[in-house]
Amino acid sequence: MAKSKSAYSVPGKIGKIERRIIVVWVDNEAGVLARIAGLFSGRGYNIESLAVAEVDKKKHISRITIVTEGTPQVIEQINLQLKKLVPVHKVADFKRGEKDILFRELALFKILGNSKKIEKVKKICKKFNPVVLDKTSKSVVIQVTALRAEIDKLALDLKSLGLISTSRTGAVAMTKGPKIFN
Amino acid sequence: MPKLLSGAEIVFKALEDQKVEYIFGYPGGAVLPIYDELKNHKSIKHILARHEQGAGHSAEGYARSSGKPGVLLVTSGPGATNAVTALTDAYMDSVPLVCISGQVPTHLIGTDAFQECDTTGITRPCTKHNWLVKDVNDLSRVLHLAFEVATTGRPGPVLVDIPKDIQFKKGKYKFFKNTLKKKLNGKVSNKIHNSELDKFIDLMKKSSKPIFYTGGGVINSGPDASKHLRELVSLTGFPITSTLQGLGAYPGDDPQFLGMLGMHGTYEANNAMHDCDLMINIGARFDDRITGKVDEFSPGSKKIHVDIDPSSIGKNIKVDLAIVSDVTELLKSLNKRFKEKNKNFVSSNKQKTSKWWEQIGKWREKKSLNFINSNKVIKPQHAVQRLYELTKDQDTFITTEVGQHQMWAAQHYKFNKPNRWMTSGGLGTMGYGLPAAIGVQIANPGKLVVDIAGEASVLMTMQEMSTAVQYRLPIKIFILNNEYMGMVRQWQELLHEKNYSESYTAALPDFVKLAESYGCVGIRAKTPEELDGKIKEMINIDKPVIFDCVVDKAENCFPMIPSGKPHNQMILGPEEEEQISDEGKILV
Chain A
-13 MAKSKSAYSV
-3 PGKIGKIERR
7 IIVVWVDNEA
17 GVLARIAGLF
27 SGRGYNIESL
37 AVAEVDKKKH
47 ISRITIVTEG
57 TPQVIEQINL
67 QLKKLVPVHK
77 VADFKRGEKD
87 ILFRELALFK
97 ILGNSKKIEK
107 VKKICKKFNP
117 VVLDKTSKSV
127 VIQVTALRAE
137 IDKLALDLKS
147 LGLISTSRTG
157 AVAMTKGPKI
167 FN
Chain B
9 MPKLLSGAEI
19 VFKALEDQKV
29 EYIFGYPGGA
39 VLPIYDELKN
49 HKSIKHILAR
59 HEQGAGHSAE
69 GYARSSGKPG
79 VLLVTSGPGA
89 TNAVTALTDA
99 YMDSVPLVCI
109 SGQVPTHLIG
119 TDAFQECDTT
129 GITRPCTKHN
139 WLVKDVNDLS
149 RVLHLAFEVA
159 TTGRPGPVLV
169 DIPKDIQFKK
179 GKYKFFKNTL
189 KKKLNGKVSN
199 KIHNSELDKF
209 IDLMKKSSKP
219 IFYTGGGVIN
229 SGPDASKHLR
239 ELVSLTGFPI
249 TSTLQGLGAY
259 PGDDPQFLGM
269 LGMHGTYEAN
279 NAMHDCDLMI
289 NIGARFDDRI
299 TGKVDEFSPG
309 SKKIHVDIDP
319 SSIGKNIKVD
329 LAIVSDVTEL
339 LKSLNKRFKE
349 KNKNFVSSNK
359 QKTSKWWEQI
369 GKWREKKSLN
379 FINSNKVIKP
389 QHAVQRLYEL
399 TKDQDTFITT
409 EVGQHQMWAA
419 QHYKFNKPNR
429 WMTSGGLGTM
439 GYGLPAAIGV
449 QIANPGKLVV
459 DIAGEASVLM
469 TMQEMSTAVQ
479 YRLPIKIFIL
489 NNEYMGMVRQ
499 WQELLHEKNY
509 SESYTAALPD
519 FVKLAESYGC
529 VGIRAKTPEE
539 LDGKIKEMIN
549 IDKPVIFDCV
559 VDKAENCFPM
569 IPSGKPHNQM
579 ILGPEEEEQI
589 SDEGKILV
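Sequence order for the protein chains is A and B. The first sequence: position 51 = 37 (the working numbering), numbered continuously. The second sequence: position 410 = 418 (the working numbering), numbered continuously.
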């Protein structure tokens, strides 16, 4: 007699999970972000970060960059399911480590402290294109652009130097050289 | 300057241009302008349901039996939410539906107005696409696009939400054709390459244990797909099995047909799927009721998968050759190419597959659909068999509800033509069959339409009998009444120590009296002797009939693959070891 107590099948073997960056070009119309996000949540996929903005004002095309993780099978499904959505024009996906692709994330840090401390902060941020956006005698707002892991580490390092607020975008991506995504 | 039309007029103009003949619907505050316009359009007939879910399933039955999209018209709020089950059902079974819903006026959207709900938000995951039309000049484009999305690629439901003020506003009308710039489902070109066909043919020629596994995609591709499939099967001499949704694409009484596969499929079909060296999947999607335990699914076979939806390929099972195509197109070119180079393939290949057919013959000897018949109580399988025997000589359309009766119908009713079998497979919606039968009867006037039902399922949408009576639709509701939610009871018996928790309906209506109160005819059969006579009586009545067939309460549906088991570990009968004698056994 059956051992399974469920009317559904038992889970099979699970493949290796990898992180991927998925870029989607969509018509910038009402509800399009809900369609994309709903597809991910409805099918149990993960969204680690998401960046979206209109990139073509005339044709109303938005470019969405999603960082996700899953087994190769899941990643393939995400690609294929996205392509089925009516407002989606094209989909591209990349591994984090791919050579020909640039990834960037932007972060704003607000740090409290005296000028001596703030100089120290600037030094730590030096490698990551720091821009001071606002400065008072007690605080500074500093902008950096870097990879996700670098920003993670930076935020950790700044904690002891008076970091009180962090705001980050999701990752955005672009190919190197003259080529564009197809 | 073109004549300006109101939004409601645009709706009907678009429906006329799409050659819509029937709308299934239910009026309400937010669609009144559209209902007001109905009288001016004589070519479109409105079928008034008793519940929007019923209207939705009727539209599905209409679509599946006619090949045309079903059209549904509902009001805002509860009208739309009631339609959600039907939309989801159509989404899971790839049925083309266009649902038009009313919405509160644009200035009230977002204010929690009376009968307001976020219809496009609610229906987003259960439609291929949906639209909220906020500008009357967008309306004609959106409506035509809606029909295009619903009917192209893998078909499915769409919804157009129209606020009441837009229905009144005047705007321009234009007939848009082929507005989709890209092919649907993410594929730009559906060109089939000869190299793919050659690989396909090569795999078939190398195989000594092949099997065709075909599904609803063959039906959805249109009647030509079934013709080409029959030709391919006869050209190759290979065995063929079908999913629940694919029944009728290949004749159910043909010797090359092994019966349905899957959880309640035949022993020979499931074992052949497990042991084959080549599986040719045409228009099926490796659903979990088919594959059982994925890791042990047909371990030794090469697999070919033909599907119009690229996301169906590789979703559950990895395949060796994947072809994204409409079934008709693929089979047409495949048959042509196959015939060019392989004359007399069947006779030259006979030797190669003879052992395979021998093995299939051994599996067939198990006669897995057998049951122990009785001369005291009506066995439900016997009832379906008698219904088949007494209706097979006319062009009969069968719908079902969901549960044991559905599986018995799939096992024992043999379909010879596509579009004759309408059942809720993906979503498994109890209450589907009765309203679906209404839609089928509307699309096929004069034909015999039978809903093989269970008493629990049919009560979920019983109110639609009133619709059948109103439009004089002589549908036959053939209830296998065992007073239990039979499939629930079966699982409880087999897997939950016979704890029949809430699966018995202690108070059922008298179905004969119920039929009479609706103004149709009620018939009851209690014993095997009277069954044939009463079925004949039912067929000969030119009115809707509710047939209360009182059957064995404890019968279980076998064979069965317990979940999480591979295909070659089936349960064949009530007691595996019990020897079923030839007496009292019905051979099928």
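Just so you know, these hints were derived from the structure itself, not from any lab. Predicted model, so just to flag it, every value in this text is computed and none were measured. For glycine and all other residues, C-beta sits at the position ideal for the given N, C-alpha and C. Please note: incorrect hints may appear among the correct ones.
[Unchecked claim] The following label-pair restraints were derived from C-beta to C-beta distances:
hint, chain 1, residue 1, chain 2, residue 2, range
1, A, A16, B, S242, 51 to 59 Å
2, B, D143, A, G83, 31 to 39 Å
3, B, D146, A, N100, 56 to 64 Å
4, B, D44, A, A16, 23 to 31 Å
5, B, G118, A, I110, 55 to 63 Å
6, B, E538, A, G1, 53 to 61 Å
7, B, D285, A, G163, 42 to 50 Å
[Said to hold, decoys possible] Covered, in the sense of this in silico footprint (three residues per stretch, anywhere, with C-beta under 8 Å from a C-beta of chain A), are these stretches of chain B:
hint, segment
8, 133 to 139
9, 314 to 320
Okay, the segment 133 to 139 of chain B and chain A, do three or more residues pass the C-beta test at under 8 Å?
-> holds (count 3)
Return holds or violated for the Cβ distance of E538(B) and G1(A) against the range 53 to 61 Å.
-> holds (58 Å)
At the C-beta level, are D146(B) and N100(A) separated by a distance inside 56 to 64 Å?
-> holds (59 Å)
55 to 63 Å as the expected CB spacing between I110(A) and G118(B), which holds or is violated = Cβ of G118(B) to Cβ of I110(A): about 46 Å, so the range 55 to 63 Å is violated.
Pairwise beta carbon distance, A16(A) to S242(B), judged against the given window 51 to 59 Å = For A16(A) and S242(B) the Cβ distance comes to about 52 Å; the hint holds.
Using the Cβ atoms, figure out if D143(B) sits within 31 to 39 Å of G83(A).
-> violated (46 Å)
May I ask you to test the hint 23 to 31 Å on the CB atoms belonging to D44(B) and A16(A)?
-> Distance hint for D44(B), A16(A) holds at roughly 28 Å.
So does D285(B) sit 42 to 50 Å from G163(A), Cβ to Cβ?
-> Holds - the Cβ-Cβ distance for D285(B) and G163(A), about 47 Å, lies within 42 to 50 Å.
Take the segment 314 to 320 of chain B, compare each residue's beta carbon with every beta carbon of chain A, and decide whether three or more fall closer than 8 Å.
-> Since three or more residues must qualify, the claim that chain A covers the segment 314 to 320 of chain B holds, with 3 doing so at under 8 Å.
Of the hints listed earlier, those the structure fails to meet are numbers 2 and 5, in rising order.
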